[in-house]
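Here is how the chains run, residue by residue.
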Amino acid sequence: MSFWEYANPRKFMATSAMLLPWVATLAALCLITGLIWGFFFTPDDFRQGSTVKIIYLHVPAALMAINAWLMMLVTSLIWVIRRHHVSALAAKAAAPVGMVFTLIALFTGAVWGQPMWGTWWEWDPRLTSFLILFLFYLGYMALWEAIENPDSAADLTSVLCLVGSVFAIISRYALVFWNQGLHQGATLSLDAEQNISDVFWYPLLVCIAGFVLLFVALVLYRTQTEIRVRRLKALIAQERMA
Amino acid sequence: MIGLFKRDLALAVRAGGGFGLGLAFFLIVTVLVPFGVGPNTGILSTIAPGILWLGALLACLLSLDRVFQLDWEDGSLDLLATSPLPLENVAAIKALAHWVTTGLPLVVAAPILGVLLNLPGPGYGWLMASLALGTPALSAIGTFGAALTVGLKRGGLLLSLLVLPLYVPTLIFGALVVTRGAAGLDATTPLALLAGITLATIATLPFAAAAALRVNLR
Chain A
1 MSFWEYANPR KFMATSAMLL PWVATLAALC LITGLIWGFF FTPDDFRQGS TVKIIYLHVP
61 AALMAINAWL MMLVTSLIWV IRRHHVSALA AKAAAPVGMV FTLIALFTGA VWGQPMWGTW
121 WEWDPRLTSF LILFLFYLGY MALWEAIENP DSAADLTSVL CLVGSVFAII SRYALVFWNQ
181 GLHQGATLSL DAEQNISDVF WYPLLVCIAG FVLLFVALVL YRTQTEIRVR RLKALIAQER
241 MA
Chain B
1 MIGLFKRDLA LAVRAGGGFG LGLAFFLIVT VLVPFGVGPN TGILSTIAPG ILWLGALLAC
61 LLSLDRVFQL DWEDGSLDLL ATSPLPLENV AAIKALAHWV TTGLPLVVAA PILGVLLNLP
121 GPGYGWLMAS LALGTPALSA IGTFGAALTV GLKRGGLLLS LLVLPLYVPT LIFGALVVTR
181 GAAGLDATTP LALLAGITLA TIATLPFAAA AALRVNLR
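These protein sequences, in sequence, are chains A and B.
Letter by letter, the first sequence follows residues 1 to 242 in UniProt numbering.
Letter by letter, the second sequence follows residues 1 to 218 in UniProt numbering.
Hints are not guaranteed to be accurate.
[Unchecked claim] Simulated restraints, written as ranges between beta carbons of each label pair: (1) B:Phe-35 x A:Arg-228: 23 to 31 Å; (2) B:Ile-112 x A:Ala-7: 56 to 64 Å; (3) B:Lys-153 x A:Leu-235: 26 to 34 Å; (4) B:Ala-183 x A:Val-229: 31 to 39 Å.
No lab work stands behind these hints: they were computed from the structure.
Yeah, the Cβ is synthetic: ideal placement off N, Cα and C, and Gly gets one too.
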């Protein structure tokens with residue numbers, strides 16, 4: 001039993017079909033519990049008032065926006081190195097999901113920033129790098145759409161993803177150099193003893209789990225769709241040949 | 001290699017449209033800016049560094065789709081791929097030729113346009129230095145983008161969408177050098193970082209461009 005068995009589309013389809021309902025249900029459960037708990041059963045912050053509650057959407061979405069790109073980077077590398085089609089299709093499937101998470105993070109940030117900072121938008125390094133991440137997602141998806149041959153498309157988008165990752169990181173640190181930030185520091189870090197007060201922390205954890213599961217479920221579902229599209233095209237081509 | 005370089009230069013100069021076009025575009029963008037923001041020299045001199053860098057960047061972008069497109073259409077790119085010269089070298093030479101025909105004229109012309117925008121006195125040296133060090137990176141990144149989109153029929157717009165986010169770090173450091181220089185501050189730190197980006201892109205991106213070309217020529 002090796003991880004690479006899932007490179008076989010049949011095996012992937014069977015396993016993902018089995019997993020998908022569970023992951024989706026769990027994601028829905030986590031999101032409902034986390035959001036209701038977060039929105040209605042946590043106290044208001046003494047300075048931010050009730051606006052603090054947007055954290056339950058903002059932080060998980062931002063976290064997953066970056067992790068989606070990371071996942072695309074890994075699956076692109078797997079495609080480049082081992083040429084498993086499922087991997088390339090998973091990268092393709094993850095891009096729109098990641099883009100939507102980026103948008104959610106930007107939008108909730110703007111909604112929070114308006115009452116708190118007094119502005120919808122600020123050219124702060126964190127905000128700006130998310131905007132650039134959004135542009136990277138757009139370019140990546142546009143390149144997938146533009147190329148007809150699926151293998152060339154997978155190859156070229158993988159190269160773009162690899163180069164883009166390096167430039168995204170450089171941009172992130174260049175932006176710190178460019179403008180001092182208004183955005184607070186990292187909300188979550190593994191080495192901090194206590195990141196935020198426990199009252200906010202537990203529902204946030206549930207929300208993060210919900211977003212991770214939601215991402216996994218959406219990517220599995222979209223990858224299945226991509227594989228089916230690929231099979232359908234192959235069948236149509238066969239029909240035409242016969 | 002030298003033959004290819006000479007051929008690209010000769011094509012750019014003689015075929016018309018390629019060589020002077022970027023420069024003319026740079027001039028027009030710079031001239032249009034005062035119409036947009038008003039003739040106030042104070043405002044113009046504060047935004048001059050950014051405008052000059054943006055103009056140079058857009059002028060570079062404009063000529064990118066010519067890097068491989070013509071060779072792709074008439075088949076000489078296939079010949080280059082089958083020649084003993086590695087495709088990585090082809091990509092590097094193409095980037096160099098693009099820089100000599102687009103980036104270098106921009107470096108020379110930038111101070112004159114700086115006068116139009118009322119760039120403060122100490123900024124001119126930094127402007128030339130930052131453009132001379134930064135535009136090679138623009139050419140190298142752009143060549144990579146051109147290699148990605150060479151097989152597409154209408155790749156021009158997609159090329160801009162792919163390349164512009166990659167230009168962000170170069171633009172930040174380049175404009176920062178000039179802004180600091182124009183304010184009379186020391187700008188060696190961003191200049192060093194800009195040079196670092198240029199060197200890294202020249203060293204690595206020809207490989208990525210060659211990989212993309214191989215896929216497109218398959």
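Checked hints:
The beta-carbon spacing between B:Phe-35 and A:Arg-228, approximately 54 Å, falls outside the hinted interval of 23 to 31 Å. Distance hint check for B:Ile-112 and A:Ala-7: the Cβ-Cβ separation is about 59 Å, which falls inside the suggested range of 56 to 64 Å. Look at B:Lys-153 against A:Leu-235: about 28 Å separates their beta carbons, and that is inside 26 to 34 Å. Taking the beta carbon of each, B:Ala-183 and A:Val-229 are about 56 Å apart, not inside 31 to 39 Å as hinted.
The structure shown violates the earlier hints numbered 1, 4.
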